[in-house]
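Given the sequences, and given the hints that come with them, work out the whole structure.
These are the residues of each chain, in order.
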Amino acid sequence: MHTFKYIIACAVVLTLEATAIEIQGWDEAVSLELQPFYVQTIMVPMKTIFVAQYDVAVETALQKVDIKTVAKPLQTLYFCRYDNFLLIDLVSLIP
Amino acid sequence: MRQKVDIRLMFLAKMMISLCFVAPAQTSLQLPTGFPAFPAQSAGISAYIKIDQPVRITEALTKAFYRVIDVSASHILGTVQVSHFAGNVYPHVYIDTEGWFVAFFLATEPTALLIHWLGDTNNPSTTIKTTLETALETVAKVARITLPKPSFYDFRFPEANKMLILLSVLPHEGTKAMYVKIPSAYKLFLASYYFYACNFYEALFAGEYAAMFKFDETTIAKVEGKENLKQVVEDLPTSYFEADILHEIKISFAQRGDEGSAGIAVVLIYREP
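Taken in sequence, the protein lines are chains A and B.
Under my numbering, the residues of the first sequence are numbered 234 to 328, in order.
Under my numbering, the residues of the second sequence are numbered 6 to 278, in order.
Mixed in with the good hints there might be a few duds.
[What the hints assert, rightly or not] Per label pair, the in silico range of CB-to-CB distance: (1) B:SER189 / A:GLY258: 20 to 28 angstroms; (2) B:PRO153 / A:GLU261: 19 to 27 angstroms; (3) B:LEU111 / A:GLU261: 25 to 33 angstroms; (4) A:GLU261 / B:LYS186: 12 to 20 angstroms.
Everything labelled a hint here was simulated from the structure, so no lab data went into it.
Since this is a predicted model, take the numbers as computed values, not measurements.
The C-beta atom is built at its ideal place from N, Cα and C for all residues, glycine as well.
Have a look at this one:
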C-alpha cells in the first residue's frame, strides 16, 4: 500500500514538472500573474481653474491642445482638446 | 444711502461685465458622455493599482510627468521618465480621482522596455524590477500616497494569465548560455528581449562583434562601435520557441579594458493551463 502511494506521489510530481516552463542557467527569474481589470472613469471637463506653473510638462501640454478661446481681460486661457477643457492661468505661464 | 446704492450699482455692473467675458467660454463646457479616459485600446503590458481613497488631480501631480497628454478634472494621462544605467524609458501613466494608478507601455512598444536594470555598468545587479513599478512609485511619491505592489495585465492578450521575466548578466568578458523550454500545453503570446552591452572592444575585424545575442545559434542582435553603451530592445517571433524543445539563449561580450558588462532579459507572456 505504501509503495503504491509512493508511485502515485512520484507520478503527480513528474506530471507537475512536465507542465512547468523549464529554465536553466539564468541569474534571476520572476513569474507574475496577469489579471484583467477595467477602468470605468469617464472624461470630465475641468470645472475649476487649473493653475499651472511654467514647466516642461505644462509647456508640452500646451503644444498638444488647441486654443479655443482666449479671454484676455481675465488673463486666462481656455483650451480644448477633444471635448475636454483645461483652464490655465496665463499669468503663471509667463516665465 | 446714495453712496451705498452707487457701490451696489458699481458691483452689479462689474459682475455683468465679468459675466459677459466668462459666459461665452463657459457655456461650451459640456460633459462628454461615454468617452473613456483610459486608453485601453492603445495599451499593452500594464501594472495597476486601485486604492480605496480619492485622488486629487493637482498642479503638483503634473510635475511627476515628463509629458502631459490629457488632463481633466477626473484624470491625468502622460509619460513618466524612468532612468536606469542602460537608458531612459517613458512609460505612460494614468491616474484618476477614483483611485486608479496604471502604468503601461503602448501596444506598439516592445514589452521588454519594462526591464529596469539595477546596479551600474560595471556592477550590474541580477535583481528583477520593472520600469512600470518605478513609474508608479514616482507619481505616488508626488501624490504622497504609499502604493502596494501592483498587479499586471496585458491588454493585447486577454487570454494570457502569466508573465515570466528572465535575466542574466555578464559582468566580464566571455560567453554565457541560458536555456528555456516551453511545454506544448502552454500558449505563448509574446516574447520580447532587452540586450545591452557597454564599454566593449571597438577595433574589430569584419564580422566580429563586441557583444552578441544568439538564439539557438541564430544571431538576433550584435552591437559594436565607439559608444560606451548600446542596447537593443525588440520582440522575438514566438515561432522561435518551438514547444518541448530546450532553446539556447547565449550572450558573448568582448571588453575594452577591465570595465563594462553585458546583459540579457527575456519577457514571455503566455497562458498556463
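Now the hints, each set against the structure:
1. B:SER189 / A:GLY258: 20 to 28 angstroms: Check passed, 22 angstroms falls within 20 to 28 angstroms.
2. B:PRO153 / A:GLU261: 19 to 27 angstroms: Holds - the Cβ-Cβ distance for PRO153 of chain B and GLU261 of chain A, about 22 angstroms, lies within 19 to 27 angstroms.
3. B:LEU111 / A:GLU261: 25 to 33 angstroms: holds, 26 angstroms
4. A:GLU261 / B:LYS186: 12 to 20 angstroms: holds, 18 angstroms
Violation of the numbered hints given earlier is absent; every hint is satisfied by the structure.
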